[in-house]
Amino acid sequence: MSSISSPSVRGAQAAPGQGIGLYLAIGCLVAVLGFALPFVGLPKNLLALLTSASISAILATAVGFLVRQAGLSSFGHAAFYGGAAYAIALLVKYTSLPAEVVVLAAPLLIVGLGVVVSLILLRTNGIAFSMLSLAMAQAVYELVMKWRDLANGEDGLRIRFAREIFGLKLSFFQKADTMFLVTWAVLVVVIAILVLVSRSNFGTLTIAIKNNEERARFLGYRTLWPRVVILALSALIAALGGTLFALYNGYVTPSLLHWTLSGEALIIAIIGGTRSVWAPAVGAFVFVILRDVAGNYTTHWQSIVGLVLIAVVLTLPNGIGGALTAFTNRFGGRQNG
Amino acid sequence: MLIQILNGLVYGGMLYIVSVGLVLIFGLRRVVNFAHGGLYMLGAYIGFAAGLYFGFWGGLVVALVLMALLGVLLDYGVFRPLQDKDHMTTVLVTFGILLVMEDMVHMIWGADTISVAMPALFDGTVDISGSPFPIYRLLVIAVAIVVVLGLTLWLRHSRAGLYVRASSVDALTTGMQGVDTERLSLAVVGLGTALAGLSGVIASPLMALSPAMGSSVLIESFIVVVIGGLGSFSGAFFAALVIGQVHNLGIVYLPNVSSMLPLLLMVVVLILKPSGFARSH
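These protein sequence lines are chains A and B, in that order.
First residue of the first sequence: 4, per our numbering; consecutive thereafter.
First residue of the second sequence: 51, per our numbering; consecutive thereafter.
Don't read these hints as lab results, they were simulated from the structure.
Don't take every hint at face value.
What the hints assert, rightly or not - Not everything, but these chain A residues come out facing chain B in the computed CB check (under 7 Å): (1) K96; (2) A131; (3) L146; (4) H303; (5) Q305.
Please read all numbers here as calculations on a predicted model, not as lab measurements.
Don't be surprised by glycine CBs; every beta carbon is placed ideally from N, CA and C.
Using the sequences provided together with the hints, build the complete structure.
Right under this line is the structure:
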């Protein structure tokens, strides 16, 4: 089955033990090296770019994980990402809750919504899910645009955080050289947890359901709840990304909810590759940096993205991650991937 | 009130013309064409550009012809080579096409909105129960009715229509009976894109042109197609009528939350009947 939405079963079960040490070593190395980046004298704007890239990476990881574990391509994750950012902005504006509570409550609020939404959307099959996730998210966007009294329409909202959050100065979260440490840490933890989930029995079960729901049900498993859990987990991670965005930038605009953002996250995940948990994050760094470079030369970034998406889907169904894995395996002396 | 219902019919009619194109393409190719909103937008722009030389109606004809050709090309160059791949592959490829198309329109005509004048013949208003109503809107309703009747007659009473219906139930078996589904698909996808273009052109005097105009229509037509039951022609018809009314009444009476209403309706339908109004396959 030549599909980008299903890493083969072989990939999912990639021999525990053999070769895993190499991956673990590379992963730990990259994670640790990342924390050193702010201290090696990188220019400020590059650090700012890397900070945005790691936030994009969190969102793309969420979208890619949903494709990997459930075979569902969401065109609506901006609703969770922007939704969390807006939840923070609105809670700060309309309540006097401490900032810490707001920052923690926003993603949880979104997960609650995510569960409700998933119970409805998961009644449909794969393609209808894509269509409806798009419709659902765009309705939230329109709501924010039209209900000006609620969230100031297209002008967005500035978030008036307290001076200190979690005992740290607000500027700690709003400067790239310190915020990068936070976003990178969240990204690393998210990927580590997702790798564990995907390798657990539960992760294998969700892949079995993805490949053949009827068969999984026949084997005696309940098939709705595992999918709800995966979607809720994915929503939570997207919401974490939105929370970090709100902290870092201190403002929200409706573009955080627009479907182009959802589409972009899905494109990043596909270009990165959805066979591995970490690949969408790699895709995000490549994407954000290339976009920045391309911005100097052309205004037709959108066409480039469209063409690259088509090319990757047709010729490189496992994305950049698939290519990297193949390379590492050759390097590590392991046959097929 | 009557005026509001008529306005809802205008919107529902346009939505039907776009959605039925999606249904036609889904029926033969089992793919959801994410570029469909882009085709609607492109049709509107082509109609506008050609309209500068040939007048509104000339522009409409040019747009229909070009969009039909584009549809044939789309089927031949995209849907046919991808038919053995996973459905999601085609969805993502059409999504890529949408991005390129929006960017091209942006490059050629700019990002600013363009307003299109109503065709002179239909520029006036008529009195309906004491309030003025633009004749052009009545014309849009009439066009939608013609499309409904034309399609229904074609699908129910012609040989090609029989093939299309058979093929949307089971393309493989239809092919085994000797129907050339590949050729049929060229025509049907061409028809579907021409309908998207038709809707774009007739909508253009009512709403300004912009490269992003396609996405809002795409989203509501998705709701229509899902509520109607993926692949069902009659389902799409009733769903478009209902969504048209809900959309319009929402804007008038509950402007703040109007965008949520079609969605809520969809949620209710999905809970009661997961496969939509009209069950297909």
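For each hint, the structure was consulted:
{"no.": "1", "hint": "K96", "result": "violated (17 Å)"}
{"no.": "2", "hint": "A131", "result": "holds (5 Å)"}
{"no.": "3", "hint": "L146", "result": "holds (5 Å)"}
{"no.": "4", "hint": "H303", "result": "holds (6 Å)"}
{"no.": "5", "hint": "Q305", "result": "holds (4 Å)"}
Hint compliance for this structure: hint 1 is the single one not met.
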